[in-house]
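Take the given structure of chain A and dock chain Z to it, following the hints.
For reference, the chains in residue letters:
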Amino acid sequence: NAGVTQTPKFQVLKTGQSMTLQCAQDMNHNSMYWYRQDPGMGLRLIYYSASEGTTDKGEVPNGYNVSRLNKREFSLRLESAAPSQTSVYFCASSLKLGTANQPQHFGDGTRLSIL
Amino acid sequence: ILNVEQSPQSLHVQEGDSTNFTCSFPSSNFYALHWYRWETAKSPEALFVMTLNGDEKKKGRISATLNTKEGYSYLYIKGSQPEDSATYLCADSRDGSARQLTFGSGTQLTVLP
Chain A
1 NAGVTQTPKF
11 QVLKTGQSMT
21 LQCAQDMNHN
31 SMYWYRQDPG
41 MGLRLIYYSA
51 SEGTTDKGEV
61 PNGYNVSRLN
71 KREFSLRLES
81 AAPSQTSVYF
91 CASSLKLGTA
101 NQPQHFGDGT
111 RLSIL
Chain Z
1001 ILNVEQSPQS
1011 LHVQEGDSTN
1021 FTCSFPSSNF
1031 YALHWYRWET
1041 AKSPEALFVM
1051 TLNGDEKKKG
1061 RISATLNTKE
1071 GYSYLYIKGS
1081 QPEDSATYLC
1091 ADSRDGSARQ
1101 LTFGSGTQLT
1111 VLP
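As given, the protein sequences belong to chains A and Z, one line each in that order.
In terms of the working numbering, the first sequence has 97 at position 97, counting the first letter as 1, and numbering is strictly consecutive.
Add 1000 to a position in the second sequence, counting from 1, and you land on the number used in the working numbering.
Don't read these hints as lab results, they were simulated from the structure.
Bear in mind the structure is a predicted one, so any value in this text is a computation, not a measurement.
Where is the CB? At the ideal position from N, CA and C, for every residue including glycine.
A partial selection of chain A residues facing chain Z, derived with a Cβ cut-off under 10 angstroms: (1) Val-4; (2) Gln-37; (3) Gly-40; (4) Ala-92.
Only chain A is shown next, with the shape it has when bound in the complex (with noise of 0.2 angstroms):
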């Protein structure tokens, strides 16, 4: 059972070029999330997907876009990346947005250089 997979592993980008970074779960859950891990801060929510064709800004939404492409798959883009998004990016998924029982279940993370 693979869980949330993220692709790619690592990247390097120079600023200006775009990217998306994929996601995809495969435990039926209905909410995902993207998230980014910067030295000394909390996992800090970029976008989320309460379910499928829903996307809402998280708490740093802005030079991101996201897509929920289905169930399954959830999508972050940096339009134009810029040397501050220089972060490790995890995405999550869990069963259901609003049951408060239910944890997050975390990818392996992309990190992404810009340069």
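Chain Z in isolation, oriented as in the chain A frame:
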């Protein structure tokens, strides 16, 4: 407090020692408190999700307590082992829809053999 705060930021203990650390969170509009274990080069893994004041949960040598009235949770590890070395994250959910988790910056535990 407005944010989720964890203390200490890091600690080193000897194998066999018991240890505990703290997660503090705003007590107003509380909905749920999550604990995650995050090993280096791996993804965060859920340990506990707690919702009720006075909740106490246990998984093997690891247990957690919750006080929603004063806004804190303790994570305890009994008889620490080197494989317990990881960063332990807590996160709270404050709105009724549990849309967002607000994470603390974690406690990094190193268990020395």
